[in-house]
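Enquirer: Residues per chain are reported as follows:
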Amino acid sequence: DAMVIQNPRYQVTQFGKPVTLSCSQTLNHNVMYWYQQKSSQAPKLLFHYYDKDFNNEADTPDNFQSRRPNTSFCFLDIRSPGLGDAAMYLCATSRSPGDSPKNIQYFGAGTRLSVL
Amino acid sequence: AQSVTQPDIHITVSEGASLELRCNYSYGATPYLFWYVQSPGQGLQLLLKYFSGDTLVQGIKGFEAEFKRSQSSFNLRKPSVHWSDAAEYFCASTSGTYKYIFGTGTRLKVLA
Chain P
1024 DAMVIQNPRY QVTQFGKPVT LSCSQTLNHN VMYWYQQKSS QAPKLLFHYY DKDFNNEADT
1084 PDNFQSRRPN TSFCFLDIRS PGLGDAAMYL CATSRSPGDS PKNIQYFGAG TRLSVL
Chain U
4 AQSVTQPDIH ITVSEGASLE LRCNYSYGAT PYLFWYVQSP GQGLQLLLKY FSGDTLVQGI
64 KGFEAEFKRS QSSFNLRKPS VHWSDAAEYF CASTSGTYKY IFGTGTRLKV LA
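Chains as they are written, first to last, in our numbering: chain P, 1024 to 1139; chain U, 4 to 115.
Please keep in mind that the hints were generated in silico from the structure rather than gathered at the bench. Since the model is a prediction, treat every value here as computed from it, not as a measurement. For every residue, glycine included, the Cβ atom is placed at its ideal position computed from N, Cα and C.
Below 27 Å or equal to it, Euclidean Cα-Cα: the simulated DSS-like pairs (lysine-lysine) are: (1) U:112 / P:1067; (2) U:52 / P:1061; (3) U:102 / U:52; (4) U:112 / U:52; (5) U:102 / P:1061; (6) P:1061 / U:112; (7) U:52 / P:1067; (8) U:112 / U:64; (9) U:102 / P:1067; (10) P:1075 / U:102; (11) U:64 / U:52; (12) P:1040 / P:1067; (13) U:71 / U:102; (14) P:1040 / P:1061.
Ranges between beta-carbon positions, derived for each pair: (15) P:1139 / U:57: 49 to 59 Å; (16) P:1032 / U:4: 27 to 37 Å; (17) P:1085 / U:44: 27 to 37 Å; (18) U:15 / P:1038: 30 to 40 Å; (19) P:1079 / U:44: 20 to 30 Å; (20) P:1026 / U:83: 24 to 34 Å; (21) P:1039 / U:107: 24 to 34 Å; (22) P:1035 / U:33: 41 to 51 Å; (23) P:1080 / U:55: 22 to 32 Å; (24) U:71 / P:1109: 31 to 41 Å.
Looking at chain P on its own, in the form it has when it is part of the complex (with noise of 0.2 Å):
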């Protein structure tokens, strides 16, 4: 019944080595999402795609890359993590605003990153 399935649920990696996190939908929705989420904060939107079109936020550091191969795989690249990166990766789903209903987003699970 997961209708957005991150893997892994939790990943370490070390200060420094690449990390790549996954995201699948089955919802064929246009609009996919990444999120990062610190402890007890707002999840802050990093980056989405409408279908093959991506677009960044203005204050996403350039050390965070996406990719969506297909529409239904979205993958969120972590060149070089730091220390401070360390934090939930939550991906999101939607269809397209001028769709019904209103742009709902549906979120998977997270994936927990610590950096060693």
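Chain P is fixed; fit chain U onto it per the hints.
Expert: What follows is chain U alone, placed relative to chain P:
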């Protein structure tokens, strides 16, 4: 600029008591409003949403919320809280674009 405020960072209630979590929004027109719940170590689950029409909306898990334009509020309520409701609750709004504006969240603790 659009913003969402959740004035209460933490709330503690006894099991069986009623609950109200506050959310205020700032936006010129009527935004689309959402309440999400996040259990520890989990993603966000949609509780309910308001787009237009009836200002009292029903959601899952026995929650409801009321949109009050005059107060720019969208408060979440539950008549009788269960221990399993302990979680963090986020109010969010969007003007219809991709971007959600989240509040800072309210952490709910339920006493047995």
